[in-house]
Each structure stands twice: as structure tokens, then as C-alpha cells.
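Participant: Given the coordinates of chain A, assemble chain B onto it according to the supplied hints.
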Amino acid sequence: MTMTHTLTPTADLATDIDDVARLLTPDGERIADPELDRWVADVDAITLRGLYRDMVLLRRIDTEGVALQRQGQLGLWPPCQGQEATQIGTARALRADDFAFPSYRETGVVYARGGKPSDFVLAWRGEEHSTYNPYDINTATQQIIIGAQALHAVGYAMGVQRDGTDQVSVAYFGDGASSQGDVNEAMVFAASFGAPVVFVCTNNQWAISEPVSVQAKFPIAGRAPGFGIPSMRVDGNDVLACFAAMRWALDMARRGEGPAFIEAVTYRMGPHTTSDDPTRYRDKEEVEKWRRRDPITRLEALLRARGEFDEAFIGTVEDDADALAAGVREAAMTATTRAPLTVLDNVYAEPHSGIDEQREWFGAYLDGFAPAPEEV
Amino acid sequence: MAQLTMAKAINEGLRRAMADDPKVLVMGEDIGKLGGVFRITDGLLGEFGAQRVVDTPLAEAGIMGTAVGLAFRGYRPVVEIQFDGFVYPAFDQIVCQVAKLRYRTRGNVTMPITIRIPWAGGVGAAEHHSESPEAYFVHTSGLRVVAVSNPQDAYVMLRQAIASNDPVVFFEPKRLYHSKGEVDLDVQLADAPPMGLARVAREGSDVTLLTYGSQVGTALDAATAAEDDGVSIEVIDLRSISPVDYRTVTASVRKTGRVVVTHEAAREAGVGAELIASVTERCFNYLEAAPQRVTGHDIPYPPAKLEKHHLPDLDRILDAVDRVMDRPNSLSGVRD
Numbered sequence: 001m002t003m004t005h006t007l008t009p010t011a012d013l014a015t016d017i018d019d020v021a022r023l024l025t026p027d028g029e030r031i032a033d034p035e036l037d038r039w040v041a042d043v044d045a046i047t048l049r050g051l052y053r054d055m056v057l058l059r060r061i062d063t064e065g066v067a068l069q070r071q072g073q074l075g076l077w078p079p080c081q082g083q084e085a086t087q088i089g090t091a092r093a094l095r096a097d098d099f100a101f102p103s104y105r106e107t108g109v110v111y112a113r114g115g116k117p118s119d120f121v122l123a124w125r126g127e128e129h130s131t132y133n134p135y136d137i138n139t140a141t142q143q144i145i146i147g148a149q150a151l152h153a154v155g156y157a158m159g160v161q162r163d164g165t166d167q168v169s170v171a172y173f174g175d176g177a178s179s180q181g182d183v184n185e186a187m188v189f190a191a192s193f194g195a196p197v198v199f200v201c202t203n204n205q206w207a208i209s210e211p212v213s214v215q216a217k218f219p220i221a222g223r224a225p226g227f228g229i230p231s232m233r234v235d236g237n238d239v240l241a242c243f244a245a246m247r248w249a250l251d252m253a254r255r256g257e258g259p260a261f262i263e264a265v266t267y268r269m270g271p272h273t274t275s276d277d278p279t280r281y282r283d284k285e286e287v288e289k290w291r292r293r294d295p296i297t298r299l300e301a302l303l304r305a306r307g308e309f310d311e312a313f314i315g316t317v318e319d320d321a322d323a324l325a326a327g328v329r330e331a332a333m334t335a336t337t338r339a340p341l342t343v344l345d346n347v348y349a350e351p352h353s354g355i356d357e358q359r360e361w362f363g364a365y366l367d368g369f370a371p372a373p374e375e376v
Numbered sequence: 001m002a003q004l005t006m007a008k009a010i011n012e013g014l015r016r017a018m019a020d021d022p023k024v025l026v027m028g029e030d031i032g033k034l035g036g037v038f039r040i041t042d043g044l045l046g047e048f049g050a051q052r053v054v055d056t057p058l059a060e061a062g063i064m065g066t067a068v069g070l071a072f073r074g075y076r077p078v079v080e081i082q083f084d085g086f087v088y089p090a091f092d093q094i095v096c097q098v099a100k101l102r103y104r105t106r107g108n109v110t111m112p113i114t115i116r117i118p119w120a121g122g123v124g125a126a127e128h129h130s131e132s133p134e135a136y137f138v139h140t141s142g143l144r145v146v147a148v149s150n151p152q153d154a155y156v157m158l159r160q161a162i163a164s165n166d167p168v169v170f171f172e173p174k175r176l177y178h179s180k181g182e183v184d185l186d187v188q189l190a191d192a193p194p195m196g197l198a199r200v201a202r203e204g205s206d207v208t209l210l211t212y213g214s215q216v217g218t219a220l221d222a223a224t225a226a227e228d229d230g231v232s233i234e235v236i237d238l239r240s241i242s243p244v245d246y247r248t249v250t251a252s253v254r255k256t257g258r259v260v261v262t263h264e265a266a267r268e269a270g271v272g273a274e275l276i277a278s279v280t281e282r283c284f285n286y287l288e289a290a291p292q293r294v295t296g297h298d299i300p301y302p303p304a305k306l307e308k309h310h311l312p313d314l315d316r317i318l319d320a321v322d323r324v325m326d327r328p329n330s331l332s333g334v335r336d
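Just so you know, the sequences run in chain order A and B.
As numbered in UniProt numbering, residues 1 to 376 make up the first sequence, in order.
As numbered in UniProt numbering, residues 1 to 336 make up the second sequence, in order.
No lab work stands behind these hints, which were simulated from the structure alone.
Positions of the beta carbon are idealized from the N, C-alpha and C atoms, including for glycine.
Just so you know, not all the hints are guaranteed correct.
Beta-carbon label-pair distances, calculated as ranges [to be verified]:
1) A:372 <-> B:230: 53 to 61 Å
2) B:74 <-> A:63: 36 to 44 Å
3) B:221 <-> A:372: 55 to 63 Å
Next comes chain A alone, as it looks inside the complex (with noise of 0.2 Å):
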């Protein structure tokens, strides 16, 4: 089995940022892709203008998730800024009956699922722990221990094999996940099973402070096809070549082939969370190198070439994000904390005799606060 387009191992190309499958230059000019381009001949200005859009529409979703936090109305953020179209381009090639499990930081791919403004920020407010119903989007709570979901999303592949159906299962994590043991158990159980399933590796380089070279000596999308996966190395600010990687990877866990595995090479712009300083361990050289690489203005520049990034669509995309950021600035502050007793709800699904104990305690214990009735 081969590893598309990584060739030599040498001990830079955990880090080589170049070395990957793309479609558009870093200056957004169409190249051709023998692998690639097949995925997206079909891709026309319309599609392009809907992952021009999604993405914009994520960056305005991150800048008020970040102000938010600033202004304390959320306890935490994680910035997903650079990676737009890592997880536009991967999460808009899948199905809606396809299943995504992604991690903390795939803001991305709940907005493409079908996130509502209020998903977005009522987990960071501390409100809930999952905002949506993951059967509603198709698409499992987001996932803040690392790798946990890789198992989780085979899992469901081996359902959906038992199932006879041809639905995929994808599982989202970042270059930092690829040491933990749960990700590489997955890719042992995807390999072993036949799992129809996608690993869509995320390497934006930084695992909080420790770089990519402390994880991997070699590209991650290397280790795959020592699993018997086969893999794929895309730039994952081409969100044209995320695109056509992720139904790459589709189509071959559709057709019954069994995994694959994609490791976007890409950055994270901010930081960790917003409780982490970056400046501490990376050099602005660094982040400005990769701010040339922008995916949203990469795909900006391959639009106005072709003359389809007119003042009435940058228009309506701009309106777009603001109504979609004043929906999401709204779902935070109008947000109502449920009642104190709610706490103990759903922790069984059946009748517990210690947290009914427990629930008529706190009950009694609430109601002691409540206003003496007036007397008559």
C-alpha cells in the first residue's frame, strides 16, 4: 500500500509544509493534481462561492466566539482561525447521513452539519455541555479529550458495516491526538474491521506549545498505510484539495475498501485557547509566513481571477457573516442558566435510588430559600 505524494522519509517532513497534495497555490492559482483532480471536475463558481462563503462565515463565527470570551461572556474559546478550510473543505464533501465526531476545535464542522448560532457558544458559557442533539446533525458532541473520538467514530463504522448502509463515519483530531494511544487503537480496529471511516488529521503544527516535530519525525499521513490505511497528505488551506481528498476518502469507505486517512498540513493562527499565550513558544515570523498562506483569500484571489468575486456577492456574504455573528453575540447573551435542580437530570437513563436520594435532598434543600408564603 502506498501513502500518496509524502515520497522520502527524511526527518524534516513532519514539518515540510510544502511537501503535500494541493490544488491552488498559495497565491490561489488553479494547478492540476493527478490524484486530485478527478474529485473535483464537477466543481463549478457556485460551489466555490458556497466554500468561499462557509468559510468567512466560520471566521466571523471564531472573531465573535474570541470577543465573547474577551468580554466575559463565555469562560473559554479555541480559535480555529487558518483551519477554515480544513474543515470546510472536509466536512462539506460528507453526506448528511454520514456521521462526523470532531474534537473541541472543529467549530467548522458544526456549522457545516447544521450548528445553530447557539451551538457555538452556550458549551464555552458553561451552559451545557453539548448544545445540540448529536442525532439532529449527525455529528457527536465535541470531543475534549484527545483522540477519544477516533474509537467512537469506528465504532459507528463497524454499526453502519452491521447496518448494511453506506454511510461513513469521520473522525476529526489534531496532530497532537495522532501520539495517543486511542487514535492509533482506532486506525489498528479501522484497519482490522474494514470500518467504513475517515481520519481527518488536522496538523496545525502546535499542540498547545509542543510542535509537530515532537509528535511525528515523520508526515503523520505516513503512519496510516503502516496500519494498512491509505493516506493522503493535503494542504489543508486548499480548500478546494481538502475537498477532493475528503471524497477521495469517501468514496473508498463507501464502496466497502475500508478507511482512510487525511492529514491536513496547516496552522493554527491563535492561540491554543484563549487562555494560552503563544507568543511564549512560536516567533511572529512563523505566523506571518503562514498569514500569507491564508485559505480564505487564497480562494479569493482563484474567484476574482475568474471573475467571479463581484461587489454583490462579497456583499451578500458580508451581510451573511453579520447576521450569522449578531445570531451567535445574541444566543450568548440572551442565554438563560437552566434551574439549580437540573443538575442531577440525566445521569441514568433509568431510576437511580442514590441521585433520587440526592435530588430530593437538594430539592428541600432549594425550597428553604424560597419566600415565606404571606400570611392571609
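Facilitator: Chain B only, in chain A's frame:
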């Protein structure tokens, strides 16, 4: 009624649960052709096929994590952990994922996973094969934790665990796998005592002896021996250690006024500590003596040739009974 070993009763429980519900599948290491290292899954592969009797790679986190995904998809996985001491690699998936997914999703995602663990010592096994990790799971909300002590309970409670929409950690004392007992295979689950209810295994009036799983037999032997000394011990088989059926427990303690707890697991912050704290909260004014614990030592599980010095035996239980009865012939001497 059939005379069955506990191993066969569990095997029959799995078979009937799988026959009743096509969403039930079993998974684990060596459970297919081999039938499991204890042969608990013997014959299931031939009857239900490899899609429902899943021989997995040797990776406990992998087994548990893929079970989570299968449950997401609507399946009811029954996971076999080969030995108690092997459950730790799966610990994160159990306590962070299996236990919490329902809560995290406000009830939208259920995790009807049964985690079967051949459990505890007394069989002369190698290191990591005789451990009692139940307190870790009892401390985790979202899990139910049960321990069986006889073939009938093993059969019925396993089927109840599989039918439950909650995740259940199901402890099977391996030293009892070959013990036989009457099993009513045709019992209606709805008519059987729920798995959360404790069982008064022997009635008595002087001391309440609380235990579960592997220690129930030893506790009953101690009660028989104590009778010769004129002490009447009520033995309660908790069956469920999360939640505990405190209604049954406190009714007994209010009758006897004296409590001894015994389990194989280590003492520090163990199930016994929790039981005594809860009983004291509920029955303080009824207690005639300070409750006593008879447990394994606070040590790593010792080598097989020494395990008899670790496991609570009949004499150590009787010693504790002497203490709660305030008898001067206590083996342990000074109490403070």
C-alpha cells in the same frame, strides 16, 4: 430449574439476550473460536456469527471506545475485559466517555453497554489477574456497578444489565465460575428482583454483615461459625454496589445495631468506607458499636502463594464480629 455453574449461567444469559435482541453483540479478546479464556462465550460464535461475536485486537481502550461508537449507532455491546487488572487501559473510555455521554448530551445519547469483568482473587493467578477495582467505578457517576455471587443472580442480573439503558460494570468472581447452583432459565425478567436490590442471604439479629460478590460465601460461612458462639449474623449480599440498596441495609442495621463490612478490595477509600459512612449517617442512633471493616490490605495484590494472607477469611470476619460485639476474646486485641 437447572443445576448450572456460574460460567454456564452467564453463557446462557448471553445467548438468550442475543437471541432476544439483534442489537446485542459481544466483543472482546479471544471470545470467538476460543470461547473466551474462561469459556464464557463458548458456542456463541457458531450460533450468532462473527458480526455479533467480535474477536477484537488486543487493546482494551480500543474495545471500549469502539463499543461507545456502536452504542452511538444503536447497538448494545457486551464487552468482555479478559481480567480485572486489564481494565485500566480502558479506564478513560469508561469513566470519561461511557459514563458521561448521556449526561453530556442531556439524555440524547444512551450508552447501554455491559462491561463484564472476571474479577477478584483466590484462584492462584499471576500478577494483574486478581484485582478488585470496583471502587474506581463506584466513584464514577453514570455507571451502575454490580457484583454477582451465585449462578441464578449471574444469569438474571446479566440479562437485566444488557437490557438496561445505562452502562453497567458487571463483576464476575472468577473463583465462583465453577460453583454450581439452581438456575431458573425461564424466569421473566420483569418478575425477578431488580439488579439494584440487595438480598438478605441469611437472616440474623445481632450483627449485620454487608458484602458482595466473591465474599458472600465466606460471609455465610462466618455466620454459620458464629452461630456456634451464640452470635446471630445477618448476611446481606448487596448485589449492586452502585447504587446501594440502603433501604434493605438500614432495615437490617436498625434491627441488629452492629455492622461489619467485608470485601477483597483494599480498605483505603474503598466500598466499605462508603458503606460505613452512609450507614452511620442513616443509623447513628441505632448503632451499638463502631462499624468494622474486613478488607484486603492496602497493598498491591500479592503473589499467589501469599494471597491467603491478603484475602479476608472466616477468622478475620469473626474477629471483627467480636469487636462489634465488644467481646474480650477478640484476636485483634486493643481496639484503639
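Participant: Hint by hint, say whether it matches the structure.
Facilitator: Taking the hints in turn, this is what the structure says about them:
no. : hint                        : result
1   : A:372 <-> B:230: 53 to 61 Å : holds (56 Å)
2   : B:74 <-> A:63: 36 to 44 Å   : holds (38 Å)
3   : B:221 <-> A:372: 55 to 63 Å : holds (58 Å)
The earlier numbered hints are all upheld by this structure, with none contradicted.
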